[in-house]
Amino acid sequence: MKQGEGSLYSGFFAEFYDILHAGLTDVDSYIEFGHRFGPDILELGSGTGRILIPMAKAGFNVTGIDLSDDMIARCLAKLALEDETLRSRVTIVKQDITQFCLARKYDLIIAPCNMISHFVEPARLLQALCCVKRHLKQTGVFILDNSVPDIPYMVYINRVERIFGFEHPLTGTRIIDRFRSTYDFVNQLEHNSIYLEEYDDAGNLLRKAGCSDTMAYFFPRELRVMLEISGLEVFDEQGSLLEKTPIDADSTEMVFFCRLAL
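All the letters of the sequence shown, read from the start, carry residue numbers 6 to 267 under my numbering.
Hints should not be assumed to be uniformly reliable.
Calculated lysine to any residue pairs in the SDA-like style (CA-CA distance at most 25 Å, straight line) [unchecked claim]:
(1) Lys110 <-> Arg94
(2) Lys110 <-> Arg92
(3) Lys99 <-> Gly64
(4) Lys138 <-> Cys106
(5) Lys110 <-> Asp155
(6) Lys249 <-> Ser34
(7) Lys249 <-> Cys118
(8) Lys142 <-> Arg41
(9) Lys249 <-> Pro44
In case anyone wonders, no lab produced these hints; they're calculated from the structure. Because the structure is a prediction, the values reported are computed rather than measured.
Please construct the entire structure, taking both the sequences and the accompanying hints into account.
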């Protein structure tokens, strides 16, 4: 049995990332955005390649930035199974998103799947957005996708342990995810305690791991202001990745399409 404390993007948690996100439907949307705004694309927080590799398969040149060694290793392992033509379209860079510096600019930069929620200090988000600005081509587009906070639901689940079950797609083992969120509603922070347990068919505990993580949540108006301060202009926005609806009280997502401000 292996056990221990880790980070949200290392060890067992890095492996669990793809299992947890297996049902998401955002990849096709980003491929569509690639056709509209590509072909040279930069993904912030590319992780295990969940979005990056399908975009490369669609023919785009994709650079991914991440800071987690374990997430990058999983991405590289996936890429090793692909042909040389696809691998030649992918570049993986280990850098801090708040201060990355690359030797090129891009047609499209994406910050998908609540990536910016990792910036618990507003100043760090502004630093990241300024880096985005420096790496956009003159006609380039930046797409930011984040959840709209559901305050009534957050109040309902505050400090409550939630338990989820998953089947490991490769081994068939059972993974139990024990998840507790504690909200700081004044500072817009979500403090998460997460424990994973893996069991075989006989109910034997194979391994377990725990971690704590803090994320920020944002509202549409403040993101618009931060984008403007960073020198980016919002030229379009929608309340869903899957369809062009306005950001309103019923929206669960906020998607901002930005370009360099004049």
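So, going through the hints one by one against the coordinates:
Of the pairs offered as hints, the one joining Lys110 and Arg94 holds, with about 15 Å between alpha carbons and a cut-off of 25 Å not exceeded. Among the hinted pairs, Lys110 with Arg92 is consistent with the structure: their alpha-carbon atoms are about 20 Å apart, no more than 25 Å. Annotation: proposed proximity of Lys99 to Gly64 holds, straight-line Cα distance about 23 Å (limit 25 Å). Pair hint Lys138 plus Cys106 holds up; C-alpha atoms about 11 Å apart against a cutoff of 25 Å.
A hinted pair counts as satisfied when its Cα atoms are at most 25 Å apart, and Lys110 with Asp155 does not qualify at roughly 36 Å. Restraint check for Lys249 and Ser34: satisfied, since their Cα atoms lie roughly 11 Å apart, inside the 25 Å limit. Between the alpha carbons of Lys249 and Cys118 the distance comes to roughly 17 Å, so the proposed pair stays at or under 25 Å and holds. For the proposed pair Lys142 and Arg41, the alpha carbon gap of about 15 Å is at most 25 Å, so the pair holds.
Restraint check for Lys249 and Pro44: the C-alpha separation of about 22 Å stays at or below 25 Å, so the hint holds.
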